[in-house]
Amino acid sequence: MAASHPLFWRLVSRALWTRRSRMLVMFLALWVGAVIICALGAIYLDIDAKMSRELRTFGANLYVGPQAGRVLDEPSWQALDQALPPASRLAAGGFVYGMARLQQESVMLMGANLESMADLAPYWQIQGERLAVSFDERHAMLGKKLAQRLELKPGDTVTLVKGSQRQDLVIKGIVESGDSTDYYLIVNLALAQRWLDSPHRLSHGLLSLDNQQGQVESIAARLQQQFPALEVRPIRKVSANEGAVLFKIQGLMGLICVVILLLSTLCVNTTLMALIGERAREFALQKALGASRQAILRQILAETLLVAAVAALAGLLGGALLAQLLGQTVFSSSIGLRWPVLPLTLGISLLVAALATVMPVRRALALEPARVLKGE
Amino acid sequence: MLGRLILQSWRRQHRRRLLAVITIFLAATLVSALLAVSLDIGDKMARELKSYGANILIEPASRSLLPQLLGESVTVSLANQDALDERELPNIKDIFWRNNIMGFAPELDGELIWQGQRLPVLGTFFDQPIAVPDEPDYHTGQRSISPYWQVQGAWPQDAQPQLLAGQALASRLHWQVGEQLTLAGPAGSHAFTLVGLLHSGGKEDEQLLLPLAFAQQLLGRPQQVDRVRVSALTVPENSLSRKAREDMDALSAEEYDLWYCTAYVSSIAHQLEDALSGSAVRPIWQVAASEGVVIQKIQLLLAVVTLVALLAAAMGIASLMTSNLLERAKEIGLMKALGAELWQIGLLFYAEAALCGLLGGLLGCLAGSGCAWLIGQSLFGTPLAFNLIVVPVVVLLSMVIALLGTWFPARQIARLYPVEVLHGR
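These protein sequence lines are chains A and B, in that order.
Residue numbers for the first sequence follow the numbering used here, so the first one is 20 and each next one is one higher.
Residue numbers for the second sequence follow the numbering used here, so the first one is 131 and each next one is one higher.
Since the hints were made in silico from the structure, they are not lab data.
Please note that a few of the clues may not be correct.
As the list claims (entries may be wrong) - The calculated lysine-lysine pairs, modelled on DSBU-like cross-linking and capped at a C-alpha distance of 35 angstroms, are:
| # | chain 1 | residue 1 | chain 2 | residue 2 |
| --- | --- | --- | --- | --- |
| 1 | A | Lys-306 | B | Lys-460 |
| 2 | B | Lys-373 | B | Lys-333 |
| 3 | B | Lys-223 | A | Lys-267 |
| 4 | A | Lys-163 | B | Lys-460 |
Since the model is a prediction, treat every value here as computed from it, not as a measurement.
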């Protein structure tokens, strides 16, 4: 076989060069297939992380309050916040509630970490602007029901009154949430604590945790043990559903990926078979000249696999780019590329190419060379 | 002549033609299945997201009392005032979007006395049959609208004196499932059996839940309801519904009709407000808005994936048609040498391509609907609705792509001299 090696590679390289327009079509078909496999694989492997972020729009999923008869103070809240696994913690905020007097009437005052509200209550429908800095003591937001009763709109001023103390607040936004928040005057936490004469005290705290593997339940149980003076419980309405919905979405993407993968590889396969099938005459000639079946098959396989390998590598590059494009379009963030994509893309591409080569070549070789050469 | 040529080419080279049809068939299957899934996915996911509970809240319009807080003991001024009328509840299933109402549960707040202790109670429906015109055996309640409630023991029967206790309350008072409790209220007392413990993660954990009829009787508030939670299938909010919410009078008549006849959470809320006298209806935005965000994300994801698959399928078909034509250069040369006009040759190939596209596209739609059915069945337990608009779109698309795939190489080959091609260059 040693003597035939130069001939083997010459045959391969000549075939690639003289049939370059066909080779280009083959390369393109394989390349598109590889791009699709790589991009979809990357998206599928990253979809649960992406969608679990999206599901955080339902807001906080862990509640922390004082046990009956006790109070929640800021040091213990901070200690609890420190004890969270940093990778899971997405947002946290303490709240304090109490009655306060406005010039017009008594209202419920809600003090909140305003900068974390965008993550803890992303569903708030705000008319006007969202307050998003924690040190702002001149502005407030107003629940919609309260705003209707007091006939206030964004830009108006309300005045908090306590004995001889007064505090003017400009209404930045009107909040509609459909729950009790609609009745509150919402101000910054420090101001509310000062105004309610309860420094460092919190009514309760809310946390938004990553719940990709349903870890909120176990984190809650662990924190409850660690802080027996506090009541820590998952907000089941939010936490219990994330897993189920994620599972559905992942299943959907998985099924769709499998369908696309299957059909597009079959598509590539038929194109390759057509391209190789038309060379029946060439194989017949080689056979007539005395080449063994193995030699012919080996030569064509080498040719196709060479093209397939280059196409798969180029496809990995294209697929990575496509995945980023899709990630930016849909989730406005990049898709993490995981290592299983690499063997998946290479493996499927080479397998498809090999299958598409072996079948038509074997069929062509099964025929009498003379008949094929004659053109029947 | 043309017909005969096509027929001959199909009979003689059936393997090649078959390969083309199969490729187009596969691509059309893929595209039609994805199209069908992305058209119906919003509806299906909306149903899945109903597990987050009610998304609409109905309250008496003139309510001024402050709501109870989560984990905070704020005194609620229970001035016995306006309430909703229980007899009007079936109207909820009588609005324009009645089929989108997945369920509802009325709630009545109050305090009842047990062994000298005042306990917060909530009267509600657990799984109550309700007389609704179209659906004779319609029943609804917390079981259907609060699927995230975890009940240890059994759910109470609405007609029996049975109780569900919030687990925080039960553990504080050392109650066990099976306990007999006698509750007294302003209008009498009654003995109940505790049948289950509720774990909801909300304020229900501190409450005692009992069937609405018993609560009304003991609290002396016959036929009264403080609020109704409604779970409705909605479509995500868009600029029209936001405009309607800000100022309904600013809508033109056409916009109003479109808004009214679309299942936005705001238009359903509007219709519910008309259906129940003296009510104020508002969306629970935590569920309503977040649902919209998640559904829109999934729809966008599928649309983008469909587009990518479409492009790939198009390239697959085009490359196959190209390779198909390249190998027939000799045939073209022969036809030219025999005196065929360019347009005649073109017509032959285009007719063939269109035929392949039509056949593959039609078969693909059939297989695609099967694929969509399978996806719907295995994921959601119900088949996906196969929108018939998919069929003409996919068939047309496969024909156009097949024609385009023929057009490029056909132009090249037409320029060749017959002698060159026949010689084999």
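Against the structure, the hints come out as follows:
1. A:Lys-306 with B:Lys-460: holds, 23 angstroms
2. B:Lys-373 with B:Lys-333: holds, 34 angstroms
3. B:Lys-223 with A:Lys-267: holds, 29 angstroms
4. A:Lys-163 with B:Lys-460: Measuring from Cα to Cα gives roughly 78 angstroms; hence the hint is violated.
Violated hint: 4 only; the structure is consistent with all others.
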